[in-house]
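Visitor: All chains, please: the whole structure from these sequences, using the hints.
Going down the list, the protein sequences come from chains A and B. With this note's numbering as the guide, the letters of the first sequence map in order to residues 1 to 292. With this note's numbering as the guide, the letters of the second sequence map in order to residues 1 to 174.
Be aware that a few hints might be false.
To be verified - Derived list of chain B stretches under chain A, where covered just means 3 residues or more per stretch with a C-beta under 8 Å from a C-beta of chain A: (1) 7-17; (2) 28-34; (3) 47-55; (4) 165-174.
Unchecked claim - Sample of chain B residues with no beta-carbon within 12 Å of chain A, all distances over it, derived: (5) Met1; (6) Glu4; (7) Gly149; (8) Leu150.
These aren't lab readings, by the way, just hints derived from the structure by calculation. Heads up, the beta-carbon is just placed ideally off N, CA and C, and yes, glycines get one too.
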Amino acid sequence: MNCEEIKIHLIDLIDNNLPTELQKEVEEGLANCPDCQQEYEELKILFQTFQNQPLVPTPKALDDNFYAFLEKEKAVERLSKSFMEIISEDTDNGKVDRVDGTSDLQKAKTFTFASVFTRKASLLRIAASIALLIATFFFGRQSVTEQNSEAIALLKQEIANTKNLVMLNMLKQASASDRIKAVSYVYEMEDADKETIDALVNVMNYDKSINVRLEAINALYYFGDKKEVRQAMTKSLRLQTEPNLQIALIETLVRLKEKEAVNEIQKLMENKQLPDIVKFKAAEGVGELYKL
Amino acid sequence: MTDEQAMQSVKAGDLDKAAILFERYKIRLFNFFLKFCGDEAQSQDMTQNTFYRMLKYRQSYHEGQPFKAWIYQIARNILKDSYKENQTKMIDLKSARQKHDTETEPMMQHEREQLLHNALKKLPDDQREILILSRFEELKYEEIGQMLGLSVANVKVKAHRAIQKLKELIQNLE
Numbered sequence: 001m002n003c004e005e006i007k008i009h010l011i012d013l014i015d016n017n018l019p020t021e022l023q024k025e026v027e028e029g030l031a032n033c034p035d036c037q038q039e040y041e042e043l044k045i046l047f048q049t050f051q052n053q054p055l056v057p058t059p060k061a062l063d064d065n066f067y068a069f070l071e072k073e074k075a076v077e078r079l080s081k082s083f084m085e086i087i088s089e090d091t092d093n094g095k096v097d098r099v100d101g102t103s104d105l106q107k108a109k110t111f112t113f114a115s116v117f118t119r120k121a122s123l124l125r126i127a128a129s130i131a132l133l134i135a136t137f138f139f140g141r142q143s144v145t146e147q148n149s150e151a152i153a154l155l156k157q158e159i160a161n162t163k164n165l166v167m168l169n170m171l172k173q174a175s176a177s178d179r180i181k182a183v184s185y186v187y188e189m190e191d192a193d194k195e196t197i198d199a200l201v202n203v204m205n206y207d208k209s210i211n212v213r214l215e216a217i218n219a220l221y222y223f224g225d226k227k228e229v230r231q232a233m234t235k236s237l238r239l240q241t242e243p244n245l246q247i248a249l250i251e252t253l254v255r256l257k258e259k260e261a262v263n264e265i266q267k268l269m270e271n272k273q274l275p276d277i278v279k280f281k282a283a284e285g286v287g288e289l290y291k292l
Numbered sequence: 001m002t003d004e005q006a007m008q009s010v011k012a013g014d015l016d017k018a019a020i021l022f023e024r025y026k027i028r029l030f031n032f033f034l035k036f037c038g039d040e041a042q043s044q045d046m047t048q049n050t051f052y053r054m055l056k057y058r059q060s061y062h063e064g065q066p067f068k069a070w071i072y073q074i075a076r077n078i079l080k081d082s083y084k085e086n087q088t089k090m091i092d093l094k095s096a097r098q099k100h101d102t103e104t105e106p107m108m109q110h111e112r113e114q115l116l117h118n119a120l121k122k123l124p125d126d127q128r129e130i131l132i133l134s135r136f137e138e139l140k141y142e143e144i145g146q147m148l149g150l151s152v153a154n155v156k157v158k159a160h161r162a163i164q165k166l167k168e169l170i171q172n173l174e
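Guide: Take a look at the structure:
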């Protein structure tokens, strides 16, 4: 084996990466060549220098932050798990209803009650609040005391809050259909807090799926009485590049009678690069808003 | 419990197993980032983000996928993002290490480390990365191949070329 060949194998020799036969050959060649030996020593020192670099210990804040984050994720996971089960049951019932007609719906509901009560501890609280609501409805309809209705209002509030949380978590889902499902949750809410609105605005502006964005615009329409919602939609006109979404925004803003959007819509109208249909919708929108 | 089993449990919803992975990898990843940017606060941020992403994107982990390659892949993406934002630059080893220098450390070793670091800085990005992964982090060529989407043979050729280049640079610096 000549020097050239030996040198090719030196790194593998140090890494213990050579088949036994070849390793022997290289070692023998090495013994007979001072030049190769020097090369070998140099490489070994180089690799040692890499390995001898001392490891710097991690700061304590890293632990604190990670474990705090983990706890948060665990809480969200627990909540969405419980609710996903209830949601999927809701959906299943709906399917039974549509496919088999109303007579089977009763069966499906009985089944649901049974399973609600056989669920595990994490679900018990939610199940119990629902059961209490139903029980009050059936047995105490005529004589709901003030105290009871207060309790029911509280429970309702608690369920609404939880739904908010679940929605926010579901928006992180990978599939577009899950995110649409999450957005459409909004229709069941009576009011949305700032976090929910922000999440929806974020989806409207940045979600990678056009359909999900469109659904977010529709959902935001329900909170169109809020000034910040109308402002966010107006701003979004600049961000959207899809004709579908541009048109949906124009239509929604006109329906909400948002006069302050006129300037932004006018810009779309005058933008020569946009398709005619968008420019047309924009012109129509500007006209409508001026009429107000 | 192997890394892969732990990650599979995390994916299935047993998030407590994430703590095992955090404890096993935090020091290595922290030092990995430190090698590139030399800044402890920034390395802490990037290490944190690596584990946040591990949790957030747990559904994208495939059963049986080697965990080490997967987590370093995440770390590498975070590093790339931070390069893009132009926040991370290779800085002098001196300032990065000042706090951890010990009096007892032999001068020779220290000088060699300094030399190595300066030579590494001069390497093209892809060669530097492959050396940091294979020599500092001691990842196997297979693992690096999985991360970079290259064959083992290909990684090996690249790594060997990078070592030769590094040696030349060190000789020039000496």
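Visitor: Are the hints correct? Go through all of them and say.
Guide: Going through the hints against the structure:
Counting residues of the stretch 7-17 of chain B whose beta carbon lies closer than 8 Å to any beta carbon of chain A gives 3, which reaches the threshold of three, so the coverage claim holds. Three residues within the 8 Å Cβ limit are the bar, and the stretch 28-34 of chain B against chain A gives 4, so the coverage statement holds. Counting residues of the stretch 47-55 of chain B whose C-beta sits closer than 8 Å to any C-beta of chain A gives 5, which meets the bar of three, so the coverage hint holds. Judged by the Cβ-Cβ criterion of 8 Å, the stretch 165-174 of chain B is covered by chain A as claimed, because 3 of its residues qualify and three suffice.
Taking the minimum C-beta to C-beta distance to chain A, about 17 Å, the non-interface status of Met1(B) holds against the 12 Å cut. Every CB of chain A is more than 12 Å from the CB of Glu4(B) (nearest about 19 Å), matching its label as outside the interface. Here Gly149(B) stays apart from chain A, with its beta-carbon at least about 21 Å from theirs, past the 12 Å limit. A cut-off of 12 Å between C-beta atoms confirms that Leu150(B) is not in contact with chain A; the least separation is 17 Å.
In summary, this structure violates none of the numbered hints.
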